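Starting from the known structure of chain L, fit chains C and S onto it as the hints suggest.
Read off the chains here:
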Amino acid sequence: MANDIEKQVADLEEKVKQLQNRQAKDQISISAYSGDLDKMLAALIIATGARAMDTEVKMFFTFWATAMLRDKNKSAKGKDFMSKMFGFMLPKGTSQLKLSKLNMYGMGTAMLKGLMKKKRVSSLEELLATAGELGVEINVCEMSMDLMGFKREEMIDYPNLHYVGVGSYLSDADESRIQLFI
Amino acid sequence: MANDIEKQVADLEEKVKQLQNRQAKDQISISAYSGDLDKMLAALIIATGARAMDTEVKMFFTFWATAMLRDKNKSAKGKDFMSKMFGFMLPKGTSQLKLSKLNMYGMGTAMLKGLMKKKRVSSLEELLATAGELGVEINVCEMSMDLMGFKREEMIDYPNLHYVGVGSYLSDADESRIQLFI
Amino acid sequence: MANDIEKQVADLEEKVKQLQNRQAKDQISISAYSGDLDKMLAALIIATGARAMDTEVKMFFTFWATAMLRDKNKSAKGKDFMSKMFGFMLPKGTSQLKLSKLNMYGMGTAMLKGLMKKKRVSSLEELLATAGELGVEINVCEMSMDLMGFKREEMIDYPNLHYVGVGSYLSDADESRIQLFI
Chain L
779 MANDIEKQVA DLEEKVKQLQ NRQAKDQISI SAYSGDLDKM LAALIIATGA
829 RAMDTEVKMF FTFWATAMLR DKNKSAKGKD FMSKMFGFML PKGTSQLKLS
879 KLNMYGMGTA MLKGLMKKKR VSSLEELLAT AGELGVEINV CEMSMDLMGF
929 KREEMIDYPN LHYVGVGSYL SDADESRIQL FI
Chain C
779 MANDIEKQVA DLEEKVKQLQ NRQAKDQISI SAYSGDLDKM LAALIIATGA
829 RAMDTEVKMF FTFWATAMLR DKNKSAKGKD FMSKMFGFML PKGTSQLKLS
879 KLNMYGMGTA MLKGLMKKKR VSSLEELLAT AGELGVEINV CEMSMDLMGF
929 KREEMIDYPN LHYVGVGSYL SDADESRIQL FI
Chain S
779 MANDIEKQVA DLEEKVKQLQ NRQAKDQISI SAYSGDLDKM LAALIIATGA
829 RAMDTEVKMF FTFWATAMLR DKNKSAKGKD FMSKMFGFML PKGTSQLKLS
879 KLNMYGMGTA MLKGLMKKKR VSSLEELLAT AGELGVEINV CEMSMDLMGF
929 KREEMIDYPN LHYVGVGSYL SDADESRIQL FI
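Chains as they are written, first to last, in the working numbering: chain L, 779 to 960; chain C, 779 to 960; chain S, 779 to 960.
Extracted from the complex, chain L is given alone in its bound form:
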């Protein structure tokens, strides 16, 4: 009988180890995709809010959202014509983002920015700086960089920024308790 119990306990230990190995971390994975001013505000408010609760935050900047990570004071050389054109059509840095709705040729966007200042809601620039201070990890989609013709030397300085593939994003998402596509 003692033998039986020992076997049962060893068996349980194995099962518990497997459960622990697959247990998600206190981590949130945010896929920042849209590049709209309002949605990127939402993504960064959630990201900094999660850090304030001591949750790890892995942001994956992909497609339209990568454009806002370009530094407006930097530029890159050696781009082909199409990449130059495409890059020109996209917002360069956080300050050029527009609302997903009610943009109204910029009037709605200006109104919202005015309201944010009045109500003391942090701007996108401030949120990005806070995210950096709080240790929010920013992973930039390499395929999007390549597709849009962005080069690393034109991206912002950010304390915790990496260039990754979709596999890396999926691994982060897989080990997170929360995943959002924004």
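Each hint should be verified, as a subset may be incorrect.
Note: identical chains are not told apart, hence a pair may lie in one copy or across any two.
[Stated by the list, open to error] 20 Å max Cα-Cα, derived PhoX-like pairs, lysine-lysine:
id, residue 1, residue 2
1, K876, K803
2, K891, K795
3, K803, K793
4, K785, K795
5, K855, K895
Keep in mind that the hints were calculated from the coordinates and are not lab data. Computed from a predicted model, the values in this text were never measured in an experiment.
Frame of chain L, contents of chains C and S only:
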């Protein structure tokens, strides 16, 4: 040896308790963000469908989506000029929402509403009422309320509505098995 | 004492079994909703990427996204006027999708497609074929089919395609480690 086994079992009990403590609930967290007619329909169809399966539902209404929770028959006093303007530009209540695509100055939206009636798909108003009856919890983002200048007295009567911060949303999301950002 | 230990172990076994029963599978649930070219590319890049990592993939095509699953060489008979009109306004097949931003009467969409070809990023058609080969499961929302007036005989041939309700989607999402709404 008996002592060993006892220690092993006590150790396992501790590990299992930790796993249980971090086990997600049978709960879904839906961040209703966009305020588009079609997306809010999707959010509420998912919410009521989940309740029919006995899953707890925590909805977090934020940004554009908060506007649809205003009661068209209520109004609030003491708003400043900017808040009045912004509030005027946003849909007041469910009936004023538009499609995210094919709105075509309202024609597409009217067509879809016609199709929904014909195919006996519940309208947004009906879905919201059903959600209330089924116990879907609606949490409204306080920061969005403040930013858009909405006041509590102009919001709809709903059996299970609360005003919360982003921390509360994140806690709900963290303990949910499913999280969606719509 | 031996009796005590036996009871403790039996108790633990029950708790571990419950934890195992509710453990999420190595599976990702993607709700393909928007039907925008760029977002559907993202959804399929994530789906095929996940399969490459041996993760099960359950895609739920709903609302606007169902239109891209229509075969441009097939048609269905017996549609009423409204369904015909609505179906006509929606893209028929992958090649007619537009960008969610910068479409600019088709110029932006054409530019992106050109860039994708140049950078050897798979097209939406190729990604869908790859998804089929890799065993990505496509579940089409029956309510959306009905609402938009689509019939099964006009949908694409795909090795692993089913028609399901929202309950089925929720079950898949519930047992997945990752859920995305795109």
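Verification of the hints:
Taking identical chains as interchangeable, the C-alpha atoms of K876 and K803 are never at most 20 Å apart, the minima being 34 Å within one chain and 37 Å between chains. For a Cα distance limit of 20 Å, the shortest separation of K891 from K795 qualifies neither inside one copy, at 50 Å, nor across copies, at 47 Å. In the homo-oligomer, the alpha carbons of K803 and K793 lie at most 20 Å apart both inside one protomer (18 Å) and across protomers (15 Å), since each shortest distance falls under that limit. With identical chains, the CA atoms of K785 and K795 are at most 20 Å apart both within one copy (15 Å) and between copies (17 Å).
With identical chains, the CA atoms of K855 and K895 are never at most 20 Å apart, being 36 Å at best within one copy and 22 Å at best between copies.
Violation of the numbered hints given earlier is confined to hints 1, 2 and 5; the remaining hints are satisfied by the structure.
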